[in-house]
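Chemist: Below, each chain spelled out in residue letters.
2 protein chains.
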Amino acid sequence: MSFQSKNEIARALREHRIQPTSQRVEIAHVLFERGMEAGADHHMSADEVLERVNADYHRVSKATVYNTLRLFEETGLIRAVVVSSSKVFFDANTEPHHHLYDESTGTLQDIPAEDIDTAQLFHKLPEGVSGNDLDIVVRVRGQATSAG
Amino acid sequence: MSFQSKNEIARALREHRIQPTSQRVEIAHVLFERGMEAGADHHMSADEVLERVNADYHRVSKATVYNTLRLFEETGLIRAVVVSSSKVFFDANTEPHHHLYDESTGTLQDIPAEDIDTAQLFHKLPEGVSGNDLDIVVRVRGQATSAG
DNA sequence: TTCTTTGCAAAAGATTTGCAAATAC
DNA sequence: GTATTTGCAAATCTTTTGCAAAGAA
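If you read the sequences in order, they're chains A and B.
Sequence positions in the first sequence follow numbering that gives the first Met the number 0 and run 0 to 147.
Sequence positions in the second sequence follow numbering that gives the first Met the number 0 and run 0 to 147.
By construction, these hints were calculated from the structure, which means they are not laboratory data.
None of these values were measured; they are calculated from a predicted model.
It cannot be assumed that every hint is accurate.
One copy or any two copies: either way a pair holds, since identical chains are not told apart in the list.
Using 25 angstroms as the maximum straight-line C-alpha spacing, the simulated DSS-like pairs for lysine-lysine come out as follows [unchecked claim]: (1) 5 with 61; (2) 86 with 123; (3) 86 with 5; (4) 5 with 123; (5) 61 with 123.
Start from the sequences, fold in the hints, and give me the full structure.
Modeler: The following block contains the structure:
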């Protein structure tokens, strides 16, 4: 998904049965204004969203940002990517894809769905689950200071 | 790793350059007493560890449990598995393997390393990173209430 | 008007930290 | 005897919640 105008955003929200209030539109605008192309940085924490949405003047409160992000996630408009216990990224790209998280740099990047083969995995998935229901986070560990 | 006696545990801690105090040995004992076989439930939250270590009488404080788990993780004795923003599991099995997390049930299970093929992925890893430095969490999404 | 949403500040839950007392080597 | 570790309670950080005011249909 990639929206430019607030109108498009409002329409998209309605399609997800979300009443497009001005706060919600502003938040969605922040989420979707960065391109969704591979390599584009469209991963934001709640705090980043809060900061960006209020960058020039106060538009939305913290509670509303959190609640709205949760609402967007629950309705499938965006996805939450959990990379560490205190780091949740929100991803406006809901096309099937996965994530690569580099612990040492804190960087999150997309992985095309086809770059990871999970064929061997399917027999242990709950029934009815398809590949598109999988969210994979590949974490690159920093050096593990393992004793030698 | 799989230890039975406190002596074995103390030795293992020393090998990781961790001074084996009684609290640390008790915590390690809790972590390692469950078998490491596939299917065995050896994933515990900090709180579970705290509960189990103090099950019959008070042995270790909460702060010490948290600090010790972090210490164990930093020295590579155990691994932390992040499955959601408020759910970190500790895994006493440090052999290369991955994890499958079922959102709807909250269940975490092991995935043998060879069940996921990441060959396509290697060109986007930082240099010097090998397959053993990857921790993969496959999250099975509940139904995403996606709008139709 | 009636239902929904927002905002604030307080609450909650998980983890960490400061510092004095206890323990280890 | 000196350095390390523990425990408590307070602090911190992120996210959620209660409730009155503001906004939408």
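Chemist: At most 25 angstroms between alpha carbons: which applies to residue 5 and residue 123, within, between, both or neither?
Modeler: Classified as neither; 43 angstroms inside a copy, 35 angstroms across copies.
Chemist: I want to check one pair: residue 86 and residue 5. Are their C-alpha atoms no more than 25 angstroms apart within a copy, between two copies, both, or neither?
Modeler: neither (29 angstroms within a copy, 36 angstroms between copies)
Chemist: Regarding residue 5 and residue 61, is the shortest C-alpha distance of 25 angstroms or less found within a copy, between copies, in both, or in neither?
Modeler: within (21 angstroms within a copy, 49 angstroms between copies)
Chemist: At 25 angstroms max between alpha carbons, let me know whether residue 61 reaches residue 123 within a copy, between copies, both or neither.
Modeler: The answer is neither: 40 angstroms in one copy and 35 angstroms across copies each exceed 25 angstroms.
Chemist: Go through the copies and call it for residue 86 and residue 123: within, between, both or neither, with a Cα cutoff of 25 angstroms.
Modeler: Answer is between; shortest inter-copy Cα gap is 22 angstroms, intra-copy 28 angstroms.
This entry does not satisfy hints 3, 4, 5, going by the numbered hints stated previously.
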